[in-house]
Structures are given as structure tokens and as C-alpha cells.
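S.K.: Residue numbers (the working numbering), protein chains in the order written: chain A, 45 to 261; chain B, 45 to 261.
If you're looking for bench data, these hints aren't it; they were derived computationally from the structure.
The reader is advised that the hints may include incorrect statements.
No copy is singled out in the list; a pair is fine if it fits within one copy or between any two copies.
Unchecked claim - Calculated lysine-lysine pairs in the BS3-like style (CA-CA distance at most 27 Å, straight line):
{"no.": "1", "residue 1": "K194", "residue 2": "K65"}
{"no.": "2", "residue 1": "K159", "residue 2": "K207"}
{"no.": "3", "residue 1": "K174", "residue 2": "K121"}
{"no.": "4", "residue 1": "K65", "residue 2": "K207"}
{"no.": "5", "residue 1": "K93", "residue 2": "K178"}
{"no.": "6", "residue 1": "K215", "residue 2": "K93"}
{"no.": "7", "residue 1": "K121", "residue 2": "K194"}
{"no.": "8", "residue 1": "K223", "residue 2": "K79"}
{"no.": "9", "residue 1": "K188", "residue 2": "K61"}
{"no.": "10", "residue 1": "K121", "residue 2": "K223"}
{"no.": "11", "residue 1": "K207", "residue 2": "K163"}
{"no.": "12", "residue 1": "K61", "residue 2": "K194"}
{"no.": "13", "residue 1": "K215", "residue 2": "K79"}
{"no.": "14", "residue 1": "K174", "residue 2": "K58"}
{"no.": "15", "residue 1": "K178", "residue 2": "K61"}
{"no.": "16", "residue 1": "K79", "residue 2": "K174"}
Owing to the predicted nature of the structure, the values given are computational and were not obtained by experimental measurement.
There are 2 protein chains.
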Amino acid sequence: MNMDKWGENLSDKKVSKTVIKRLPRYYRYLSELIKDGVERISSSELSDKMQVTASQIRQDLNNFGGFGQQGYGYNVKYLQCKIGAILGLNQEKNMIIIGAGNLGKALSNYSGFEKHGFKTLALFDIDESKVDTKRPIPIYSMDKLDDFLKENTVNIAAITVPKDYAADTAKVIVDLGIKGIWNFAQVDLDPLLPDDVVVQNVHLIESLMELSYNLEH
Amino acid sequence: MNMDKWGENLSDKKVSKTVIKRLPRYYRYLSELIKDGVERISSSELSDKMQVTASQIRQDLNNFGGFGQQGYGYNVKYLQCKIGAILGLNQEKNMIIIGAGNLGKALSNYSGFEKHGFKTLALFDIDESKVDTKRPIPIYSMDKLDDFLKENTVNIAAITVPKDYAADTAKVIVDLGIKGIWNFAQVDLDPLLPDDVVVQNVHLIESLMELSYNLEH
């Protein structure tokens with residue numbers, strides 16, 4: 045029984061990046077199990093479903109205190125809720141998108157983010173001709189960003205501007221106090237920004253190149 | 045001098061996933077160096093730029109034969125060309141996009157893929173109302189896919205359909221002979237498809253969750 049240890053463990057343990065990368069996938073599978081009406085699951089059943097070894101699952105979850113009970117397995121709802129909390133999904137996060145091109149607009153139109161607590165408030169662009177305040181999620185001029193951030197709490201800024209503008213854009217929004225950057229530009233922003241800023245990259249072209257490599261070999 | 049070993053080494057060595065993941069980033073940095081007119085670079089200079097240790101760089105590149113010369117470093121153009129070849133970028137690859145929603149259209153409008161040899165030929169959608177053959181990259185009905193693939197060589201299909209349709213869509217296109225899947229749907233397609241099909245995932249919501257985790261901790 046180590047169901048309640050997670051509170052203490054969370055703060056004093058450094059969890060590896062690869063474990064963190066797997067958490068959203070646990071969360072997804074557990075959410076599907078809930079939808080299918082499954083109430084509890086053993087690590088070996090979860091292992092079959094997720095194609096990860098049962099010992100890997102136990103090890104991963106032990107980083108946060110375990111959550112399982114010998115001979116019972118995992119309570120699906122409880123585990124999903126805990127992993128959700130570890131991922132910070134129990135607190136809604138507000139997002140803005142800098143760059144109202146095709147990708148920025150596509151992201152703003154995607155409904156899946158809000159379902160998980162990520163709410164897109166607005167897009168911003170330096171191109172005045174893109175300004176459109178009649179959309180469900182409005183597009184404002186970059187000039188308005190400062191005022192907007194005074195009136196709204198924003199946790200995450202997605203950067204979908206062209207590569208050559210990404211670094212300057214990131215510096216501007218970090219100076220305005222944003223701590224989370226979801227970077228779609230083909231640039232490594234981390235070395236340019238203060239340590240307390242979190243950068244998460246989605247490098248589409250690099251993903252395609254990896255696919256290309258695997259097709260060739 | 046081990047500049048010419050890569051040809052032999054490529055086929056008989058299993059390269060780790062993490063090394064493969066780093067190759068596109070090497071390629072990007074080398075391309076920038078070329079643009080800046082740099083002709084040769086030492087692994088320690090490259091290391092400073094990329095924030096990877098010099099020994100990591102040497103180790104990574106040794107997987108493919110090395111490419112460097114003691115006391116000289118790397119010839120930037122040569123190395124970029126070789127890594128490009130390893131990534132399969134010297135052969136143009138044709139792509140189609142299944143799902144002409146916001147994300148599918150955004151991907152089709154992005155010019156960066158073609159620059160690296162990934163050419164989007166067409167989009168397909170089951171929704172007839174989305175058909176638009178007057179766009180630069182046309183949108184066809186899914187009914188036309190079979191004929192299209194008889195007339196065109198397609199290496200990669202990007203899947204941008206809603207989650208619940210992704211598995212069936214993937215099976216259809218794999219049955220039609222496509223070997224490379226660039227999957228944007230929130231589903232693990234690999235276990236459902238034959239071993240010779242390569243799946244590369246872009247899970248946007250999982251990327252956001254990872255960002256959320258790092259913001260919280």
C-alpha cells in the first residue's frame with residue numbers, strides 16, 4: 045500500500061525525461077479504459093495493451109509513489125486522476141498562439157486541446173492584414189500583446205512564426221512574463237532563454253526526416 | 045581517415061533511436077553553417093553550437109563511419125551531404141495527406157517540406173464537400189485514392205483524420221501499398237500494421253502535456 049506517498053515524493057525526486065514522455069500515453073490509455081468501463085487493471089494487463097513491459101510500468105509509476113496495490117492492481121480512475129494531476133491537467137492552462145499563418149490557425153481551430161484543459165485565448169501576428177477579431181478565437185496585432193497579457197493570465201505561448209523570427213518573438217514574450225513556450229519553429233530556443241522558461245519543441249520537418257530515415261533502412 | 049567507410053557500415057549496424065533522432069538536428073546545424081560560409085568545423089566547435097558534447101558527436105557520427113579527420117575536423121558540406129544521404133534526403137519523397145481538415149490543409153500549405161525533398165501531391169477526404177481540385181495541392185475524395193496511387197508513386201501518407209477513424213484509414217492506405225505513415229492522430233497505429241510499415245507519430249496533445257508537466261515541476 046503506497047497509494048498516498050505521491051505527495052511527498054513528487055518534489056524531491058528528479059524524474060527522467062523518458063518517463064515524463066511516457067506519462068501522457070499512460071493518461072491516454074487510462075482515459076480509454078475509463079470510457080470502456082474498466083474499473084481496475086493489473087500492470088500486466090496494462091502492459092499488454094500499451095506494449096510496454098509490466099516492470100517498466102511499475103518502475104515508471106514508482107517515480108511518483110506507485111499507486112498500485114499488491115494483488116489488486118490499479119484503480120483505473122484513481123490512477124488516471126493522479127497522472128492527470130502530475131501532468132498538471134487539473135489546472136486549466138491558457139494559451140496564446142504567436143503567428144496566425146496556416147499552422148497557427150490550424151492549432152487554434154483544433155478542439156482537442158481545450159478538452160484537456162488547454163484553452164487558446166487568442167492569436168497574434170505582426171501582419172495587420174491578418175487581424176480578425178470576429179473569429180471565435182480572435183487574431184490581434186502583436187502591438188496588443190502587452191495589454192492582453194496585463195488583462196489575461198497566459199501560461200503557454202505557441203510559436204508558429206517563420207524560423208527567422210522565432211528567436212526574437214520568444215524573447216519578447218518571455219520578457220512579458222510567459223514561462224511556457226510551445227515551439228514549432230525550426231530553431232533551438234532553449235539556449236537563448238532564461239532557465240526558468242520551459243520550451244517544448246514540435247519540429248515537423250525533423251519528424252519527417254526521421255520517418256524518411258526509417259523508410260530507407 | 046575513415047571518410048569512406050560509411051557505405052559498408054550502414055547496412056550491418058543497428059543504429060539506436062536516440063542517435064537517429066539527433067541526425068536531423070545535425071543536418072539543420074550543418075545547413076546553417078553552409079549558409080554562413082563555414083567550410084570546416086571541429087567536433088568541439090560543433091559541440092559548442094549544438095550544446096551536445098564533442099564525444100557525443102563523434103560517437104554519433106561513428107555509427108555511420110565517422111566522416112572526420114584527426115586534426116582537420118569535419119568538412120561541413122561533405123558532412124551535411126552525407127547526413128542528408130543517410131536521412132534519405134537525396135531522393136525526393138512524395139507525400140499525400142489523408143484528412144483535409146485544418147491541420148491537413150495547414151500541412152499542405154507549409155512550404156518547408158518541399159525544400160527538403162518532401163513533396164505533397166494531394167489531400168484526400170471522405171467529406172465530398174471538401175473536394176477542391178483547383179487548389180495548388182488538390183483535395184480529392186477518398187474514392188479516388190486507389191486510382192491516384194496507381195498513377196503516382198507515394199512514399200508517405202500523413203494521417204490527419206479524427207482519432208476514431210485513424211486506424212481504419214491507416215489499414216486502407218497500407219493495403220494500397222504505402223509504407224510510410226506520418227501519424228497525427230492520438231492513436232498508436234504501429235501494433236495494428238504490418239512490420240514493414242514505418243509509423244512516425246506527432247502527438248500534439250502529448251507534447252502539450254509534457255510542456256504542462258515541465259511548467260508544474
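S.K.: Each hint should be assessed against the structure and marked as holding or not.
M.R.: Evaluation of the provided hints:
Taking identical chains as interchangeable, the C-alpha atoms of K194 and K65 are never at most 27 Å apart, the minima being 33 Å within one chain and 39 Å between chains. Taking the closest pair of Cα atoms, K159 and K207 come within 27 Å of each other only across two copies (14 Å); inside a single copy the shortest separation is 29 Å, beyond that limit. Taking identical chains as interchangeable, the C-alpha atoms of K174 and K121 are never at most 27 Å apart, the minima being 44 Å within one chain and 39 Å between chains. Proximity of K65 to K207 under the C-alpha cut-off of 27 Å is found in both arrangements, the shortest distances being 25 Å within a copy and 20 Å between copies.
In this homomeric assembly, K93 and K178 never come within 27 Å of each other (Cα to Cα): the closest approach is 45 Å inside a single copy and 44 Å across copies. Taking CA atoms no more than 27 Å apart as the test, K215 paired with K93 passes between copies only; the shortest distance there is 19 Å, against 43 Å inside one copy. Neither within a single protomer nor between protomers do K121 and K194 lie at most 27 Å apart by alpha-carbon distance, with minima of 38 Å and 48 Å respectively. Taking the shortest alpha-carbon separations for K223 and K79, neither the intra-copy value of 34 Å nor the inter-copy value of 32 Å comes in at or below 27 Å.
Taking CA atoms no more than 27 Å apart as the test, K188 paired with K61 passes in neither setting, with 36 Å inside one copy and 43 Å between copies. Taking the closest pair of Cα atoms, K121 and K223 never come within 27 Å of each other, the shortest separation being 31 Å inside a single copy and 37 Å across copies. For the identical chains of this complex, K207 and K163 are neighbours both inside a copy (25 Å) and across copies (20 Å), given an alpha-carbon limit of 27 Å. For a Cα distance limit of 27 Å, the shortest separation of K61 from K194 qualifies neither inside one copy, at 33 Å, nor across copies, at 44 Å.
In this assembly of identical chains, the alpha carbons of K215 and K79 lie at most 27 Å apart only when taken from different copies (24 Å versus 42 Å within one copy). Taking CA atoms no more than 27 Å apart as the test, K174 paired with K58 passes in neither setting, with 43 Å inside one copy and 48 Å between copies. In the homo-oligomer, the alpha carbons of K178 and K61 never lie at most 27 Å apart, since the shortest distance is 41 Å inside one protomer and 45 Å across protomers. Taking the closest pair of Cα atoms, K79 and K174 never come within 27 Å of each other, the shortest separation being 40 Å inside a single copy and 31 Å across copies.
Consistency note: the structure conflicts with the earlier hints numbered 1, 3, 5, 7, 8, 9, 10, 12, 14, 15, 16.
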